[in-house]
Amino acid sequence: MLIELIDVSYTYENKAPHERRALNNVSFKVEKGEVWGIIGHTGSGKSTLTEIMSGLIKPSGGEVLLHGEDVSKLKNPMSKIKGKVGLVFQYPEHQLFEETVLKDICFGPSNLGLDEEECIKRAKEAMELVGLGEEYATLSPFELSGGEKRRVAIAGIIAMRPEILVLDEPTAGLDPVGRDMLFKMLGDIKGKLCESIVFVSHSMDDVALYADKVLVLNEGSVLMQGSVKEVFERSGELEAAGLDVPQVTRLLIRLNEMGHSFDKTLLTPEAAADAIYERLKG
Amino acid sequence: MLKCENVTFCYESEEGENRIILDDVSLQIEKGSFVAVLGRNGSGKSTLAKHFNGVLVPQKGRVYANGMPTDEEKNLFEIRRSVGMVFQNPDNQIVATTVEEDVAFGLENLGVPYEEMHKRVNEALKSVGMYEYRHKEPHLLSGGQKQRVAIAGVIAMKPECIIFDEPTAMLDPKGRKEVMETIKKLNGEMGITIVLITHFMEEAAKSERVIVMDKGKIVMDDKPGKVFSSVEEITRLGLDVPAVTKLCNLLIKKGIDIRGEMLRTKECAEALDTLLREREC
Chain V
1 MLIELIDVSY TYENKAPHER RALNNVSFKV EKGEVWGIIG HTGSGKSTLT
51 EIMSGLIKPS GGEVLLHGED VSKLKNPMSK IKGKVGLVFQ YPEHQLFEET
101 VLKDICFGPS NLGLDEEECI KRAKEAMELV GLGEEYATLS PFELSGGEKR
151 RVAIAGIIAM RPEILVLDEP TAGLDPVGRD MLFKMLGDIK GKLCESIVFV
201 SHSMDDVALY ADKVLVLNEG SVLMQGSVKE VFERSGELEA AGLDVPQVTR
251 LLIRLNEMGH SFDKTLLTPE AAADAIYERL KG
Chain P
1 MLKCENVTFC YESEEGENRI ILDDVSLQIE KGSFVAVLGR NGSGKSTLAK
51 HFNGVLVPQK GRVYANGMPT DEEKNLFEIR RSVGMVFQNP DNQIVATTVE
101 EDVAFGLENL GVPYEEMHKR VNEALKSVGM YEYRHKEPHL LSGGQKQRVA
151 IAGVIAMKPE CIIFDEPTAM LDPKGRKEVM ETIKKLNGEM GITIVLITHF
201 MEEAAKSERV IVMDKGKIVM DDKPGKVFSS VEEITRLGLD VPAVTKLCNL
251 LIKKGIDIRG EMLRTKECAE ALDTLLRERE C
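As they're listed, the protein sequences go chains V and P.
Residue 277 in the working numbering sits at position 277 of the first sequence, and the numbers go up by one each step.
Residue 39 in the working numbering sits at position 39 of the second sequence, and the numbers go up by one each step.
Source of the hints: derived by calculation from the structure; they are not laboratory data.
Keep in mind that a hint or two might mislead.
[Stated by the list, open to error] In silico BS3-like pairs for lysine-lysine, Cα to Cα no more than 27 Å straight-line:
no.	chain 1	residue 1	chain 2	residue 2
1	P	LYS215	V	LYS184
2	V	LYS58	V	LYS84
3	P	LYS266	V	LYS229
4	P	LYS266	V	LYS281
5	V	LYS58	V	LYS15
6	P	LYS158	V	LYS229
7	V	LYS229	P	LYS174
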């Protein structure tokens, strides 16, 4: 296992009047090769969880095991996690600051203490993985389109060659084509560089299509976790928790309520159309 | 209510090249209507929106808001009052330390007397369902609530039209639902003309008319049912159709006879239920 969280809790402003519990005994683990989707309402603790996984904040309780070693009690967990878990924030393009795309991407690896040659090598490798041609290297990041900027920001993280790439709402604000391209790109990155990917999303459709495993958070606690199929089988509970289920799932549930019997874990229009067609013609 | 005549708008890049953002766009939006504008990133949607109340002025052609040309400076004050705008990021639009004061901000700038201001702020907050939160600090609200406060700030100005530029892009499903319900209410109960720019096809399906933009031009302009039934065309333009519409289209291609506008889960389920029952008989 790459990273495992055991009974992790987090309280903002601990023991202060504004104390607020953001995470409650959350346990989950990411194995090599997995793509996890984390879903939940605003305020459910998704972002806090990504910050704990990447060592930005220490949990108030529980353990964070990286390759089996508890890093949460270290004085500076960052020293162990740095370079192993890469976190891409929401709207990461707002954080670009350098004069050129190449320099911006080199910032992460140079903070790992690598020499310039190695940084440039890694930056170029990262650019290729996110689909930015060499001609972008000398451009100012501020001249690029929103989608291109986001790719530069992601390249800056993967240039550190993290084993796990964690992304907080990577598709916010992108159009459908941009969204598909981003997930395709993540697939490439996973095949070539990172062992595992964890992404936070509001969109059940994105999770249904691109994740293998799903973690559903509700008010700081784990509501359910498991394979995409296992989680969507409990779509009633998801809806009761006020979460969006894919439109196709809603349709199949409605048809089942009308007395039909369809497998409600069919998530895509293609799969559902095939099943309905078979029933109509079969 | 809003009218564009042959509007062209270019941005100049650092190398001095002109990038055409709006290319000879003509369009009329009727009073009281609910229009959705779709298009890929960079298709010109937001630039078009900024023309409706004179934030941008076309380089060629003219825009009229409520009959007033936006390129005449003397009209701007009245145009901005009558055509309000709500943007994507609620945090960028909130200026005051309490909800109430935030909603009053625009009115203070107009010099509305205190009594009248109080009345209008309360009415506006009630119409978006945020009256109980009037004394709260905006940063303690959820995204959907903040966006409703931003909408209240616009409503307090008593606009005839509101332009929404991806108002739900940064919200979670619950916040999105709250904002969409508010928008529908403004249109249905208060008769405010709505222009909604969005990436969410399910939201566009709730409008009366969908305009699709591509490379600075209007490429489709029709009822949502008509627009989304051209699945290939929409996909080619880099957009999605609602998932149930796609599903029905796949069945139609396989030779199943489905008629009518399949935009919502309910209609689609009913149509399929009828077909499945016929088959069972």
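Hints, verified against the model:
The hinted pair formed by LYS215/P and LYS184/V meets the criterion: a straight-line CA distance of about 24 Å does not exceed 27 Å. At most 27 Å may separate the alpha-carbon atoms for a hinted pair to count; LYS58/V and LYS84/V meet this at roughly 16 Å. A C-alpha spacing of about 24 Å is found between LYS266/P and LYS229/V, which places the hinted pair at or below 27 Å, so the restraint holds. Restraint check: the Cα-Cα separation between LYS266/P and LYS281/V comes to about 23 Å, which is no more than 27 Å; the hinted pair holds.
Taking the CA atoms of LYS58/V and LYS15/V, the gap is near 16 Å; set against the 27 Å cutoff, the hint holds. For the given pair, LYS158/P sits about 49 Å from LYS229/V by alpha-carbon distance, which is inconsistent with the 27 Å threshold. For the given pair, LYS229/V sits about 23 Å from LYS174/P by alpha-carbon distance, which is consistent with the 27 Å threshold.
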